[in-house]
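Based on the sequences and whatever the hints tell you, model everything.
Chains U and P supply the protein sequences, listed in that same order. The numbering of the first sequence is numbering that gives the first Met the number 0, which starts it at 0 and goes up by one. The numbering of the second sequence is numbering that gives the first Met the number 0, which starts it at 0 and goes up by one.
A portion of the hints provided could be inaccurate.
Pairs of lysine-lysine, DSSO-like flavour, derived with a Cα cap of 30 Å [what the hints assert, rightly or not]:
#1 U:K338 / P:K234
#2 P:K136 / U:K126
#3 P:K165 / P:K89
#4 P:K234 / P:K165
#5 U:K338 / P:K89
#6 U:K338 / P:K136
Some chain U residues near chain P, calculated using beta-carbon distances under 10 Å [claimed, not checked]:
#7 A35
#8 E37
#9 G40
#10 T44
#11 V118
#12 Y123
#13 N132
#14 L184
#15 Q332
#16 F335
#17 V349
#18 P354
No wet-lab data here; the hints were simulated from the structure. Even for Gly, the Cβ is constructed at its ideal location relative to N, Cα and C.
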Amino acid sequence: MARIEYREIEGRSAGFFGLLGVLALFIAAGLAAAWAMEHRGHVITGMTNRIVWGAPHVFAVFLIIAASGALNVASVASVFGRELYKPLARLSGLVAVALLAGGLSVLVLDLGRPERLIVAMTHYNFKSIFAWNIFLYTGFFAVVTLYLWTMFERRMNGYTPRAGLLAFLWRLVLTTGTGSIFGFLVAREPYNSALLAPLFVVMSFSFGTAAFVLVLMAACRWSGRPLGDALLARLGTLLGIFVAAVMYFVTVHHLTNLYIAREFDLERFLLWEGGVYTALFWIGQVLVGGVVPLALIFAVRTRAALAGAAACVIAGGFAQVAVIIIGGQAYPQDIFPGKEVSSSFFDGVVASYAPSLPEIALGAGGVALAAALVVLGLKLLPFLPSSLDQAEPAEA
Amino acid sequence: MTPERRRFLGWGAAAAAGAAAVTTLAPGLRLVELARARSPDEAASALQRWGLLIDTAKCSDCDACVSACREENGWTGHDRPATDAQWIRKVSLRDRRSGFAQTLPLMCQHCEHPPCVDVCPTGASFRRADGIVLVDKHICIGCRYCVMACPFGARSFVHEPTTGQKPDVPRGKGTVESCTLCVQRVDRGERPACVEACNRDGHGAMAFGDLNNAAGDLGRRLRSEPSSALRADLKLNPGVRYQSL
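Spelled out as structure tokens, the structure:
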């Protein structure tokens, strides 16, 4: 096999600094929002005592599961031995670490007491899936860094498959853990399902691959490096399979609920009467996040169509996470089955929620941080091959 | 000191020591519980399990329990019901089939297996030995996972800076809080403010007591009258029980 030549991007053009400048503005806005939220309290957000997790959590959860999925390409190369993807493995690791850093920053800065992060690092309740996730997230950084080291350091190349396997297993557990944050919520009907863990795993495959495809196309285009059609076509097929898998799990989840009389009201809410959440489900999640990308990938099959499909998967993914997190809380808890309920706490009614500017700024700041880390990573270390314009290798 | 007086004091001391020996099985474990408040340095004991019994048939449209709780614990709001803390609330119910209407107070149910305690990453949500579920304000990081996990919507997040706090009831912006069963009063041997107010107003819908004490008022009523737990399907064994629901 021919040796792959990796090279840092030049990073001296006006476009490069312009991009970093724009990202820095978004990061600064996110930090300002976090400061305001801590200073004045969460009253300046749209979150309430009924919707305690809002837009920041949609951004954070999306970025965290996309981080896990961005490692797909590396896993396919190292664990499943597909040589075609091997030149992309380093970039895959970089995008994974960057997305996780962005997501965790949003999650931490949204805490009521973010300055107590040290408390979360020193006091553990091991029955809490949240506490496990603290280890899973920090461990992911360590494992992917180790994996990247075995790829960068030629003497360690022989260990790359083993490090890749470790990273692959770790991120499966990580996304299982993230899904279980919701799956273990026994008292809320929209959650409380073991299906959420595998659903989050396939969501991570889909969102992470979409994010990776966009980063790859942008990086190659802006640094003037060739990117072969064969490689993109394969990535497109991979993305299409993941999008279909997500739709399958979502269908099974809803069909199960529709079969259970107790869950009729919940399904009527999510699929029919839920207003913005029903719209987010059908238009955002199903149409934009599912049907359109599948058509673009399998019917149109052009480079622009793949980029469009990846962007749609990301937009639909945000809609899906919003339906799960915010829609799931908006639906009232059934404390008194068979009764109409009303109270000063808005029991029995669908909770209203409108994200405020600081929440959106915080979430967008996390996305910008992830993007900035990728841009800086590409400039500082040779993550990206000089050329990706290769025919399919014989051994693939 | 005369010999008679010395003998009398000797007998008295022996009787006191004997009484202590008979009623104390082990340090902290007595055959007969003394009816008194705990001293501040004495730990809560699993011998008690504090709880409430709420008879909805006696609960009227008033909100004396809510006002008393607010007064006792100082969770005054900012007239923003969606974000203001609510440690206890009045809930109106109407049966979907029969139309039968009821009202009742709802607060932390002080579960034996509290989901809020299970999910808390730092252990800030905890259950005291005597069954009272509390939040340690020093290690709560404000993640709100407990609010997501509570089946009863009993927890509130402090969305704004707090002022005029009560010395016994620390509160803090960015942390989660809920009914403490007026732990500061219980530790002084008093009843929670809501129960006090409900009985003062003559409704008598709320009763407080030790669920472990079969001979106590609460234990006797629970044994002889029907009662139910909210979300009994979750098997959380709450310390708050309802009647006529």
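Status of the Y123 (chain U) interface restraint (C-beta, 10 Å, chain P)
holds (7 Å)
Keeping to a limit of 30 Å between CA atoms, is the pair of K165 (chain P) and K89 (chain P) held or broken?
holds (23 Å)
Compare the distance between the alpha carbons of K234 (chain P) and K165 (chain P) with 30 Å, and conclude whether the hinted pair is satisfied.
Distance of about 35 Å is beyond 30 Å: violated.
Close enough to count: is the Cβ of T44 (chain U) nearer than 10 Å to one in chain P?
It holds, given that the least Cβ distance between T44 (chain U) and chain P is near 8 Å, below 10 Å.
Chain P contact restraint for V349 (chain U) - C-beta distance below 10 Å
Where the cut-off is 10 Å and the nearest Cβ of chain P is about 13 Å from V349 (chain U), the hint is violated.
If you take the shortest Cβ to Cβ gap from V118 (chain U) to chain P, is it below 10 Å?
With a closest approach of 5 Å, the V118 (chain U) hint holds.
Can the hint on N132 (chain U) be confirmed by a CB-to-CB distance to chain P that is less than 10 Å?
N132 (chain U) check passes; min Cβ-Cβ to chain P is 8 Å, inside 10 Å.
For the restraint on G40 (chain U), tell me whether the closest CB of chain P is nearer than 10 Å.
holds (4 Å)
Do the numbers back the hint for P354 (chain U), that is, is its least Cβ distance to chain P under 10 Å?
Hint on P354 (chain U): violated, closest Cβ of chain P at ~14 Å, above 10 Å.
Mind checking the alpha carbons of K338 (chain U) and K89 (chain P) for me, to see if they're no more than 30 Å apart?
Given that 30 Å is the threshold and the Cα spacing comes to 15 Å, the pair holds.
Classify the hint on E37 (chain U) as holds or violated, based on whether any CB of chain P lies nearer than 10 Å to its CB.
holds (7 Å)
Can the hint on L184 (chain U) be confirmed by a CB-to-CB distance to chain P that is less than 10 Å?
holds (6 Å)
Violated hints, in rising order: 4, 6, 7, 17 and 18; the structure is consistent with all others.
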